[in-house]
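Q: Heads up: the protein sequence lines correspond to chains H and L, in order. Sequential numbering of the first sequence, starting at 1, is according to full-length UniProt numbering. Sequential numbering of the second sequence, starting at 1, is according to full-length UniProt numbering.
In case anyone wonders, no lab produced these hints; they're calculated from the structure. Mixed in with the good hints there might be a few duds.
Stated by the list, open to error - Covered by chain L, per the in silico footprint, the following chain H stretches (three or more residues, Cβ under 8 Å):
{"#": "1", "segment": "250–257"}
{"#": "2", "segment": "397–405"}
{"#": "3", "segment": "414–421"}
{"#": "4", "segment": "425–439"}
Where is the CB? At the ideal position from N, CA and C, for every residue including glycine.
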Amino acid sequence: MSILPQLAFVLILGIAGYILSKRIKFLRRNILLGKAETRNDQSESRWKTMMLVAFGQQKMFKRIVPAFLHLLIYVGFLVINLEVLEFILDGIIGSHRLFAPVLGGLYTTAINMFEFLAVAVLVSCVAFLIRRNVMKVERFTKPELKGWPAMDANLILVIEIILMFAILTMNATDQILANREDGHYLALGTLFFSSMLMPIFEGMSDGALVFTERFAWWFHIVGILAFAIYVTYSKHLHIFLAFPNTWYSNLKAKGEMINMPEVTNEVNMMLGIPVETSSDVSAEIGRFGAKDVNDLSWINVLNAYSCTECGRCTAECPANLTGKKLSPRKIMMDVRDRVEEVGKSIDAGGAGFEDGKSLLGDYITKEEINACTSCNACVEACPVNIDPLAIILQMRRYVAMEESGTPAQWNAMFQNMETSFSPWKFSPSDRFNWAEKVKEEEMM
Amino acid sequence: MAEMSTNGQTPEVLFWVGCAGSFDERYKAVTQAFVKILNKVGVSFAVLGPEEACTGDPARRAGNEFLFQMQAVANIQVMNGYEVKKVVTACPHCFNTIKNEYPALGGNYDVIHHSQFLQQLINEGKVTLKGGGEFKGKKITFHDSCYLGRANSVYEAPREVIKALDVELVEMKRCKTKGLCCGAGGAQMFKEPEPGKKDINIERTEEALATGASTIAVGCPFCLTMMTDGVKNQNREADVKVYDLAEMIAKDMGI
Numbered sequence: 001m002s003i004l005p006q007l008a009f010v011l012i013l014g015i016a017g018y019i020l021s022k023r024i025k026f027l028r029r030n031i032l033l034g035k036a037e038t039r040n041d042q043s044e045s046r047w048k049t050m051m052l053v054a055f056g057q058q059k060m061f062k063r064i065v066p067a068f069l070h071l072l073i074y075v076g077f078l079v080i081n082l083e084v085l086e087f088i089l090d091g092i093i094g095s096h097r098l099f100a101p102v103l104g105g106l107y108t109t110a111i112n113m114f115e116f117l118a119v120a121v122l123v124s125c126v127a128f129l130i131r132r133n134v135m136k137v138e139r140f141t142k143p144e145l146k147g148w149p150a151m152d153a154n155l156i157l158v159i160e161i162i163l164m165f166a167i168l169t170m171n172a173t174d175q176i177l178a179n180r181e182d183g184h185y186l187a188l189g190t191l192f193f194s195s196m197l198m199p200i201f202e203g204m205s206d207g208a209l210v211f212t213e214r215f216a217w218w219f220h221i222v223g224i225l226a227f228a229i230y231v232t233y234s235k236h237l238h239i240f241l242a243f244p245n246t247w248y249s250n251l252k253a254k255g256e257m258i259n260m261p262e263v264t265n266e267v268n269m270m271l272g273i274p275v276e277t278s279s280d281v282s283a284e285i286g287r288f289g290a291k292d293v294n295d296l297s298w299i300n301v302l303n304a305y306s307c308t309e310c311g312r313c314t315a316e317c318p319a320n321l322t323g324k325k326l327s328p329r330k331i332m333m334d335v336r337d338r339v340e341e342v343g344k345s346i347d348a349g350g351a352g353f354e355d356g357k358s359l360l361g362d363y364i365t366k367e368e369i370n371a372c373t374s375c376n377a378c379v380e381a382c383p384v385n386i387d388p389l390a391i392i393l394q395m396r397r398y399v400a401m402e403e404s405g406t407p408a409q410w411n412a413m414f415q416n417m418e419t420s421f422s423p424w425k426f427s428p429s430d431r432f433n434w435a436e437k438v439k440e441e442e443m444m
Numbered sequence: 001m002a003e004m005s006t007n008g009q010t011p012e013v014l015f016w017v018g019c020a021g022s023f024d025e026r027y028k029a030v031t032q033a034f035v036k037i038l039n040k041v042g043v044s045f046a047v048l049g050p051e052e053a054c055t056g057d058p059a060r061r062a063g064n065e066f067l068f069q070m071q072a073v074a075n076i077q078v079m080n081g082y083e084v085k086k087v088v089t090a091c092p093h094c095f096n097t098i099k100n101e102y103p104a105l106g107g108n109y110d111v112i113h114h115s116q117f118l119q120q121l122i123n124e125g126k127v128t129l130k131g132g133g134e135f136k137g138k139k140i141t142f143h144d145s146c147y148l149g150r151a152n153s154v155y156e157a158p159r160e161v162i163k164a165l166d167v168e169l170v171e172m173k174r175c176k177t178k179g180l181c182c183g184a185g186g187a188q189m190f191k192e193p194e195p196g197k198k199d200i201n202i203e204r205t206e207e208a209l210a211t212g213a214s215t216i217a218v219g220c221p222f223c224l225t226m227m228t229d230g231v232k233n234q235n236r237e238a239d240v241k242v243y244d245l246a247e248m249i250a251k252d253m254g255i
């Protein structure tokens with residue numbers, strides 16, 4: 001036998017590995033364009049959150065139909081990838097179904113299970129295509145999905161369907177050849193699903209069958225490698241990033257806004273309170289709040305790369321529901337688009353962050369961030385614990401403190417608070433007036 | 001508080017009234033109702049009166065961190081000066097800010113929302129409800145406030161308080177973790193909404209009215225305003241009332 005296929009396989013594997021490692025470095029660097037933040041306390045709850053939310057898909061089950069379909073694809077992905085191990089070993093060694101003689105009957109059971117999952121994935125992907133393109137589920141028809149994001153979603157589903165067909169075709173032709181006692185191919189006993197495809201290929205010559213079987217094998221493995229690279233360009237990154245993303249979840253009460261120690265120092269000085277020179281206040285204060293992605297924390301950027309654009313956040317957002325421009329999903333997509341733009345520019349020796357553009361202004365407008373009620377519905381809804389609210393609030397800080405660009409009514413509220421310690425214009429000395437009525441009643 | 005302090009008394013709990021509780025014409029009734037309950041039960045409590053300032057919540061949510069911290073640090077100085085240990089408040093925004101955000105600025109207190117406080121009083125048998133008041137057997141729905149619910153995971157206390165009134169508690173489709181905001185959080189209370197096709201409080205009020213409830217119970221001053229406005233907008237103020245939990249308990253107690 002020629003060693004050529006093995007060489008070709010190793011070469012393809014090497015190229016794919018190289019491209020993938022470049023892509024991973026690019027993504028990692030982009031995520032770290034965000035500001036440093038340490039969030040690794042309570043490691044026990046972090047592992048638990050990751051196991052429940054990412055591995056166990058806990059939050060998906062708020063919507064049972066997509067949760068079930070998604071579960072099939074997810075389990076299919078995890079389990080069918082076990083077979084990829086055999087593919088790779090076969091490819092390198094030049095063997096065929098390396099594990100079959102070792103595992104015996106167990107191998108047939110395993111392949112049957114893979115075939116069942118392949119069919120389940122196929123059916124789920126078709127159902128998802130229908131939900132997106134025929135039923136037009138509302139959250140998949142929002143403006144931010146127009147163009148590439150909608151295409152990306154459909155491409156992923158179509159690629160998965162084709163890959164699953166490749167597996168089934170491969171098994172069907174493989175078993176016809178085995179039944180013809182080819183010698184190289186091993187009879188595995190009944191393969192429930194692919195045997196249904198056998199009639200299509202029965203009439204083919206041995207040569208055509210070998211070609212089809214080999215074509216399906218190569219198509220599947222090269223397809224998977226290509227898909228792995230494609231994922232790094234796609235919203236589909238959540239299949240990997242959901243895990244670190246949930247590990248780095250915010251474990252504090254959702255209502256808490258992170259403190260700005262650099263402001264605390266100034267406030268203490270203004271109020272004449274002795275200022276401790278604490279080490280956690282960095283000497284160089286950048287901007288207050290966030291104008292661009294490098295003002296955000298790296299966890300915010302990780303959030304953006306983990307977003308698969310399902311839109312559950314936007315579907316729960318009170319502002320979006322009532323027709324305001326704000327869409328939490330768009331916030332996440334914008335952060336990702338902006339960091340990609342800057343990352344590419346840096347790599348090309350371009351202007352990077354100094355390109356005259358910024359996240360706030362060129363991607364996200366004030367109208368959007370001003371519409372947020374900070375109700376945490378988006379945070380609660382996200383199946384992988386993304387926090388769009390944290391980003392919105394950091395941008396509001398930039399607008400208020402660096403630009404003094406908050407809406408006039410908020411400025412009036414600020415003034416009231418400065419002069420009479422209440423958001424409304426009342427005299428502080430009237431704060432206790434409500435008690436008079438209670439006193440009167442209790443006197444009687 | 002100042003008075004008690006000069007007399008050498010230490011109250012068990014500080015009642016944080018909040019700006020709406022002090023100034024809002026409608027919401028002052030909630031403050032009064034809660035204080036009447038506390039007096040009736042004989043809880044040793046104090047208020048800061050003119051020494052209280054806004055917690056700074058709306059300033060922080062609108063992005064003005066300086067103003068927030070100015071308010072917060074001043075409040076913490078006052079509270080630490082009186083050696084306050086425990087705080088109860090009827091406002092979920094004050095509750096969230098004092099409980100979660102003051103510790104980073106040196107204010108550490110045991111903070112509870114009045115729904116939790118009322119639940120404790122009921123469980124301990126200190127508040128005995130007649131259960132025959134104007135709410136008996138009526139359909140009541142509870143509107144979760146974001147800063148009590150999702151922000152701090154308090155869902156059951158207000159519901160336990162309502163159930164103690166011997167009423168029929170009906171839930172809206174979007175409740176608890178999925179509760180829909182009234183539209184006032186994140187400093188929205190203090191400005192007009194952005195352009196859209198509907199106001200959030202109308203959307204929420206329609207949902208509340210769809211339950212057929214004759215009373216919409218709330219546990220937040222902003223929600224009270226938004227839901228009351230919503231009911232007026234739907235011309236239902238004659239048959240649907242919006243009440244705070246404390247008002248409902250006080251009514252039942254006949255005070």
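Q: Each hint: holds or not?
A: Results for each hint:
As drawn, the segment 250–257 of chain H meets chain L at 6 residues by the rule of a beta-carbon pair under 8 Å; at three or more, the given contact holds. Chain L is given as covering the segment 397–405 of chain H, and this holds because 5 residues of the stretch bring a CB closer than 8 Å to a CB of that chain, at least three being needed. Using a Cβ-Cβ cut-off of 8 Å, 4 residues of the segment 414–421 of chain H lie near chain L, which meets the minimum of three, so the contact claim holds. By the rule of at least three residues with a Cβ nearer than 8 Å to a Cβ of chain L, the coverage given for the segment 425–439 of chain H holds, with 11 such residues.
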